[in-house]
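**Student:** Sequence:
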Amino acid sequence: MSTENDEIEQHIARQERAIELLRMSDNEYLGCRDRELKEIDDFLESCISRNSGGAMFIFGMSGTGKTTTVQHALSTCKEKNPQIRTLSISGSSFSTFKELAKELFESLVGMTDYRIPNLINKELMDYRKLCILMTSLFQKTSYTFVQFAIVIPLGFV
1 MSTENDEIEQ
11 HIARQERAIE
21 LLRMSDNEYL
31 GCRDRELKEI
41 DDFLESCISR
51 NSGGAMFIFG
61 MSGTGKTTTV
71 QHALSTCKEK
81 NPQIRTLSIS
91 GSSFSTFKEL
101 AKELFESLVG
111 MTDYRIPNLI
121 NKELMDYRKL
131 CILMTSLFQK
141 TSYTFVQFAI
151 VIPLGFV
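Residue numbers (full-length UniProt numbering): 1 to 157.
These aren't lab readings, by the way, just hints derived from the structure by calculation.
Computed from a predicted model, the values in this text were never measured in an experiment.
Where is the CB? At the ideal position from N, CA and C, for every residue including glycine.
Careful, some of the hints might be misleading.
What the hints assert, rightly or not - DSBU-like cross-link-like pairs, simulated, lysine-lysine; straight-line CA separation at most 30 Å:
#1 Lys78 to Lys38
#2 Lys78 to Lys102
#3 Lys38 to Lys80
What the hints assert, rightly or not - The calculated label-pair distances, taken between Cβ atoms and stated as ranges, are:
#4 Ser95 to Glu9: 43 to 49 Å
#5 Arg50 to Thr96: 29 to 35 Å
#6 Gln15 to Ser62: 46 to 52 Å
#7 Glu16 to Thr76: 30 to 36 Å
All chains should be built: construct the whole structure from the sequences, respecting the hints.
**Tutor:** Here is the structure:
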C-alpha cells in the first residue's frame, strides 16, 4: 500500500512541477527558437542602424512561441537602445482585422478614430498592405520617433 501511495505522491509532485514550469515559461523566452530570435534581432538592429522603420511578419501555429520570442527580442533591443519606443501587439488578441488596424493607427500614428475607417476601406485588405500603409504614413509625416519597426506576430492567417 505504501508503494502505491509513494507512486501517487511522485505522480502528483511531477504534475505540480510541470505546472510550475509552465507558469515560469509564461512570457519568458525559453529558447528553441534561436534562429527566429536572431532574425528578429537582426531586423531590429538593421532598422536602428539605418535610423528607419520597417515591417516584419511572423507567421505560425498558435502556441509556438511567436509572441514570447518577439517580446524577448524587443525587451533586449530596448535594453541596448533605451531611446527607442516599442509597441507590441499580438494579432490573436483581435477578433477582426479592423480592430487590429485601429489599434495600430491609434497607438503609432495617433490618428483619430473617424479617419481610420476611410483608410482601411480604401487601402487595407490584408496585413501586408497595413504595414505598407503604416510605413508610408511615417514617411509622409513629421513624427519624432527615432526608430520605428512594426513586428506583428500572427497566429491566424
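**Student:** Each hint needs a verdict: does it hold in this structure or not?
**Tutor:** Structure-based check of all given hints:
Distance restraint check for Lys78 and Lys38: the Cα-Cα separation of roughly 15 Å lies within the 30 Å cut-off, and the hinted pair is therefore satisfied. Only pairs whose Cα atoms come within 30 Å are accepted, and Lys78 paired with Lys102 is accepted, the gap being roughly 25 Å. The straight-line distance between the Cα atoms of Lys38 and Lys80 is roughly 15 Å, inside the 30 Å bound, and the hint therefore holds. Between Ser95 and Glu9 the Cβ separation comes to about 44 Å, which falls inside the hinted range of 43 to 49 Å.
A beta carbon spacing of about 33 Å between Arg50 and Thr96 agrees with the range 29 to 35 Å that was offered as a hint. For the hinted restraint 46 to 52 Å between Gln15 and Ser62, the CB-CB distance of approximately 24 Å leaves it violated. A C-beta distance of roughly 31 Å is found between Glu16 and Thr76, which places it inside the suggested range of 30 to 36 Å.
Violated hint for the displayed structure: number 6, the only one.
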